[in-house]
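Chains as they are written, first to last, in this note's numbering: chain Y, 403 to 485; chain A, 403 to 485.
These aren't lab readings, by the way, just hints derived from the structure by calculation.
Worth double-checking, as some hints may not be accurate.
With a straight-line cut-off of 25 Å between C-alpha atoms, the simulated SDA-like cross-links for lysine to any residue are [unchecked claim]:
id: 1; chain 1: Y; residue 1: K483; chain 2: A; residue 2: K429
id: 2; chain 1: A; residue 1: K443; chain 2: Y; residue 2: R452
id: 3; chain 1: A; residue 1: K429; chain 2: Y; residue 2: D450
id: 4; chain 1: Y; residue 1: K413; chain 2: Y; residue 2: I436
id: 5; chain 1: A; residue 1: K405; chain 2: Y; residue 2: E446
id: 6; chain 1: A; residue 1: K485; chain 2: A; residue 2: K429
id: 7; chain 1: A; residue 1: K443; chain 2: Y; residue 2: L412
id: 8; chain 1: Y; residue 1: K443; chain 2: A; residue 2: E446
id: 9; chain 1: A; residue 1: K483; chain 2: Y; residue 2: G435
id: 10; chain 1: A; residue 1: K429; chain 2: Y; residue 2: L484
id: 11; chain 1: Y; residue 1: K414; chain 2: A; residue 2: K429
Just some of the chain Y residues that point at chain A, by a computed CB distance under 8 Å [to be verified]:
id: 12; residue: L417
id: 13; residue: I436
id: 14; residue: K443
id: 15; residue: I447
id: 16; residue: D466
id: 17; residue: L468
Ideal Cβ placement from N, Cα and C applies to all residues, glycine included.
There are 2 protein chains.
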Amino acid sequence: MFKAVVTVMLKKSVLDPQGAAVERALKSMGHSGIGSVRIGKSIEILLDGRDEAEAEARVGDWADQLLANPVMETYAVAVEKLK
Amino acid sequence: MFKAVVTVMLKKSVLDPQGAAVERALKSMGHSGIGSVRIGKSIEILLDGRDEAEAEARVGDWADQLLANPVMETYAVAVEKLK
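Bound-form chain Y, shown alone (with noise of 0.2 Å):
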């Protein structure tokens, strides 16, 4: 059994609504030093495999099909197998 933890971000080209409300609400709660704020999602999958490269391969298909949508966002997949 994998872990693929797929984390899907917008392009830093794209306009990001929520991560700027964040960042606003952070600086007006009287908090300094912060440069940026985005938010993506992130998401979890369990799933069966022969390895890793094969499980992280199977995850960047569905990434590709369903998860991430190419015109506005990218994403990495990380896999880590679970014992």
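Position chain A relative to chain Y; hints supplied.
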């Protein structure tokens, strides 16, 4: 400058309809070997700080105050130094 990633997930005991919908969609597309899918938020914050530990502590405070709902969600903070 540090990059902090706060991953906010629903607690395991809380129903995740978005994750369940993606799980059903993947299965209906013919994919197999899927255990479960859960969807949370990935919040990327760029911030100044003295060192990793200090930055992580500050972001942890922000998560408690604003980013996560302690009734329904758990969070994890990861900090890396940017060159």
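Hints and how they fare:
At roughly 22 Å between alpha-carbon atoms, K483(Y) and K429(A) fall within 25 Å of each other, so this suggested pair holds. Note on K443(A) and R452(Y): the hinted pairing is violated, with a Cα-Cα distance of about 28 Å set against a maximum of 25 Å. Restraint check for K429(A) and D450(Y): satisfied, since their Cα atoms lie roughly 13 Å apart, inside the 25 Å limit. For the suggested pair K413(Y) and I436(Y), the alpha carbons sit about 20 Å apart, so the restraint of at most 25 Å is met.
This hinted pair checks out: K405(A) and E446(Y) have alpha carbons roughly 21 Å apart, not beyond 25 Å. For the hint pairing K485(A) with K429(A), the CA-to-CA distance comes to about 42 Å; that exceeds 25 Å, so the pair is violated. Our distance criterion of 25 Å between C-alpha atoms is met by K443(A) and L412(Y), whose separation comes to about 12 Å. Note on K443(Y) and E446(A): the hinted pairing holds, with a Cα-Cα distance of about 11 Å set against a maximum of 25 Å.
With a C-alpha separation of about 14 Å, the suggested pairing of K483(A) with G435(Y) holds against the 25 Å cut-off. Among the hinted pairs, K429(A) with L484(Y) is consistent with the structure: their alpha-carbon atoms are about 22 Å apart, no more than 25 Å. A distance of roughly 31 Å separates the Cα atoms of K414(Y) and K429(A); the hinted pair therefore is violated under the 25 Å criterion. A least Cβ separation of about 15 Å between L417(Y) and chain A goes past the 8 Å threshold, and the interface hint is therefore violated.
A cut of 8 Å between beta carbons decides the hint on I436(Y): the least distance to chain A is about 5 Å, and the hint holds. Hint status for K443(Y): holds, given a least beta-carbon distance of 6 Å to chain A, under 8 Å. Because the closest C-beta pair between I447(Y) and chain A is about 5 Å apart, less than 8 Å, the hint holds. At a threshold of 8 Å, the smallest CB-CB gap from D466(Y) to chain A is about 12 Å, leaving the interface hint violated.
Residue-level restraint check for L468(Y) holds (minimum Cβ-Cβ distance to chain A is 6 Å; threshold 8 Å).
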